[in-house]
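Please put together the full structure from these sequences, using the hints given.
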Amino acid sequence: MPPVSTIDPLAATVERTCAAVLDLLLPHRRATDPQPRAVAADFPEQLGQLARFVAAGEEIVFTLPGFPCKSPSPAKVLGHLPDEGERLSLTFLNELCAAVGEVYRPGARMVICSDGHIFGDLIRVPDHHIDAYSDELAAMIRREKLDRLSVFDLRNVLGALPYDEKRAHVHARYAPTVEELRAEARADEGARALYLGITRFLTEDTVDFTGTRSALQRECRRRAYGVIQRSRAWGDLIAEHHPRTVRLSIHPQPRGAAKFGIRLLDAEDAWTTPWHSVVVHRADGGRQLMRRADAEQCGRVVLRDGRPSHFEAG
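When we follow this note's numbering, the leftmost residue of the sequence shown carries the number 124, and every step to the right adds one.
If you are wondering where the hints come from, they were derived from the structure by calculation, not from laboratory data. As the structure is a computational prediction, the values presented were derived from the model and not from experiment. Keep in mind that a hint or two might mislead.
Stated by the list, open to error - With beta-carbon atoms standing in for the labels, derived distance ranges: (1) Phe-215 to Ala-135: 28 to 34 Å; (2) Gly-429 to Ala-135: 52 to 58 Å; (3) Ala-436 to Arg-367: 39 to 45 Å.
Idealized CB from N, CA, C, for every residue including glycine.
Structure below.
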């Protein structure tokens, strides 16, 4: 009598499908580790998140915190509204969801969890600029027919409370303490890199500080912990409102992390995002993110719908 196979065919199919979906993400992984190219098996957390959808035959849902608002620094960006960087990034994310549909018939969609309001007071961007940015993101999604994307922001929760009250409520309910974050930064290289990266962004983006450089750095170190507190709180709020998703991040993430870091567009710095930079269309047909001040040295500004959109290299 032949031996009875103990392999569950359904489980094997789910495993293969989840690996195929993750293989679509891996070429775009945002990471700082110098290890060789990763494979799907390196990401058991994400495989488990995917399996909950695939085993049930349901559409996969990704959540991506990010797309907060434009940097307030005119040396980095062209204005306070989304431009070519956001358009290309959103198009890429929509195409990624469409590619999932090629290997898994129910397909995928993505919720862009725009986080500008949650820490707008700390990064010194007014709420009306953040409103305008988020509204234009939604309009861009409609114009470009990116039907696999949607936007979720602080306006979707806590009713009609003023933004300051919403921020205070979310912070009080979800945020870790500064002491906890300091301990993490001392013990974990990834947590320290995040803290240093946010401190650097805050220092570069503060345009109206009148004190000394050392005083600015002290203030930005303090605000950096506040931004991380609010970001963590926003992540917990997202998990409460979208409890069953595959969690993505625009920050570099190590293998085995709860979130999968994803790169939106090419840049020399792994931390660069479309909202801290401009797009340069290179002469070879490629596209790259860089600071506006640097882009002005190598190209001319291009308008789209009457507004500055990106640079074109000469």
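When the hints from earlier in the document are held up against this structure, which numbers fail? none
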